[in-house]
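Enquirer: Sequence:
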Amino acid sequence: MFRFTHERARLVEIARQRRAEQARLAKLEEQRVEYLDRKLAQAEQRDRLRTFLMTLPPDSISEEASVRSITGRYGTRAPSVEQAVQAFARQQGEIVVPSGAAAANILGLSTQVPVRSVYLTSGRSRSMSFGKQVVELRHAPRWQLALADRPAGVAIRALAWLGPESADTALGTLKRTLSPHDFSELASAAPQLPTWLAQAVGKAAYGRCPSQP
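Residues 7 to 219 (the numbering used here) make up the sequence shown, in order.
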């Protein structure tokens, strides 16, 4: 009886070890697949970037600015879409900034993640292919491009996208999340903004509209 019980316990332990080994191997396989998926995604991103750059006119962007690899702590990588677009903007002499929807997401004023890559530009509107994606450049009025990539400029574009109905609430959030310097810079830009936005910014900054004594 003792021998039978001992043998049964040994078989149970063998089965347990076998299941543990199978789980370990399955985990390793899962990690291997995840690693290969990441590498494949990186390769596809590089291919999309090359395709995007090939769609640009030959004289619109320099070879060095567009395709130069970036060496960092974790090795060499291709430039991102954002970097390629900014290189294009420098070559064209345009102001190019992320759209209001992207700005609102960056600042935490919206949980909506833009599906398309949209940028506002001081130049003409146009679209450029980026593999299966499309990078869309939309001409925007000068006030939406004010302060370019500074936090106050990002706030202006987010507020423009959110519209008058959400401006007061968004400005309350921005007053808490932006640094005093950045919020002061936003308030200083009020004269450049349309009336509805200038009044909302003035109310948030000074407790009154700029036009009020």
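Among the hints, a few may not be true.
Said to hold, decoys possible - Ranges between beta-carbon positions, derived for each pair:
{"#": "1", "residue 1": "169", "residue 2": "96", "range": "18 to 24 Å"}
{"#": "2", "residue 1": "99", "residue 2": "194", "range": "48 to 54 Å"}
{"#": "3", "residue 1": "99", "residue 2": "39", "range": "23 to 29 Å"}
As the list claims (entries may be wrong) - In silico DMTMM-like pairs for lysine to aspartate or glutamate, Cα to Cα no more than 20 Å straight-line:
{"#": "4", "residue 1": "33", "residue 2": "13"}
{"#": "5", "residue 1": "181", "residue 2": "142"}
{"#": "6", "residue 1": "181", "residue 2": "191"}
{"#": "7", "residue 1": "33", "residue 2": "43"}
{"#": "8", "residue 1": "209", "residue 2": "191"}
{"#": "9", "residue 1": "209", "residue 2": "155"}
{"#": "10", "residue 1": "181", "residue 2": "171"}
{"#": "11", "residue 1": "209", "residue 2": "171"}
Read the hints as simulated data drawn from the structure, not as lab findings. Where a beta carbon is used, it is the ideal one built from N, C-alpha and C, also for glycine.
Enquirer: Return the numbers of the hints above that this structure violates; sort them in rising order.
Expert: 1, 2, 3, 4, 5, 9
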